[in-house]
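**Student:** Read in order, the letters of the sequence shown are residues 1 to 176 in our numbering.
Any given hint could be a false lead.
Stated by the list, open to error - Pair ranges (Cβ atoms, derived): (1) Thr98 <-> Ala155: 30 to 40 Å; (2) Asp148 <-> Gly69: 49 to 59 Å; (3) Tyr99 <-> Leu45: 54 to 64 Å; (4) Ser117 <-> Thr27: 44 to 54 Å; (5) Thr90 <-> Asn68: 51 to 61 Å; (6) Thr140 <-> Leu45: 43 to 53 Å; (7) Gly139 <-> Ser117: 15 to 25 Å.
Hints in this document: simulated from the structure, not taken from any laboratory. Virtual Cβ for every residue (Gly too), placed ideally from N, Cα, C.
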Amino acid sequence: NFLIQAITFPELPVMTYGDPPLTLSATSSSSLPVTFTSSNTSIALISGTTLTANSPGTTNITAQQIGNGTYAPAKYIRTLTVNKADQTITFPSLPSKTYGDADFSPGATSSSGLPVSYSSSNTSVAEISGSNIHITGTGTTVITASQDGNSLYNAANNVVSTLTVVKADQVITFDA
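All chains should be modelled from the sequences, with the hints used to inform the complete structure.
**Tutor:** Here's what the structure looks like:
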């Protein structure tokens, strides 16, 4: 006949991808050591009592005591939720350009390192060509920088910058 032991395992916090590792703690009524496992190591990996969130999703975290000659095995399961991380876009102000200037990069970056895409509100002034701005006329246009996110990151809030394109000076050549 084995004595029954109970595991005390506190609720797990909701984590976000990129959070620092979490130290797990649980105790058994027998005072025997408790070990931890994750049902999905692609979401959460456990080394000893250190849990690292690898990707968004849910996984079961089991606190277990295997028992001994006196105590029966015991376990307690908690669900861990890992959310996607937020990201932001940094978009510097666009310098004024002159009609005829070469294509240029708008220079926006995302905190996630994911590529930023662009759109122009007035394609008669500027169009997007790949990840560059191509000037098509004079006037102003609003360039919007966006990043849609992926399996690890939520979409970023769009950021806008106004581009002004002025007329080019012309040169008249007159032969004598």
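**Student:** State for each hint whether it applies.
**Tutor:** Results for each hint:
1. Checked against the hint of 30 to 40 Å, the pair Thr98 and Ala155 passes, with Cβ atoms roughly 34 Å apart.
2. For Asp148 paired with Gly69, a C-beta distance near 58 Å keeps the hint of 49 to 59 Å intact.
3. The given range of 54 to 64 Å is respected by Tyr99 and Leu45, whose C-beta atoms sit roughly 55 Å from each other.
4. The supplied range of 44 to 54 Å is met by Ser117 and Thr27, whose beta-carbon atoms lie about 51 Å from each other.
5. Look at Thr90 against Asn68: about 57 Å separates their beta carbons, and that is inside 51 to 61 Å.
6. Range check, Thr140 to Leu45: Cβ separation about 51 Å, and the 43 to 53 Å hint holds.
7. Our hint of 15 to 25 Å for Gly139 and Ser117 holds, since their Cβ atoms are close to 23 Å apart.
This entry satisfies every hint, going by the numbered hints stated previously.
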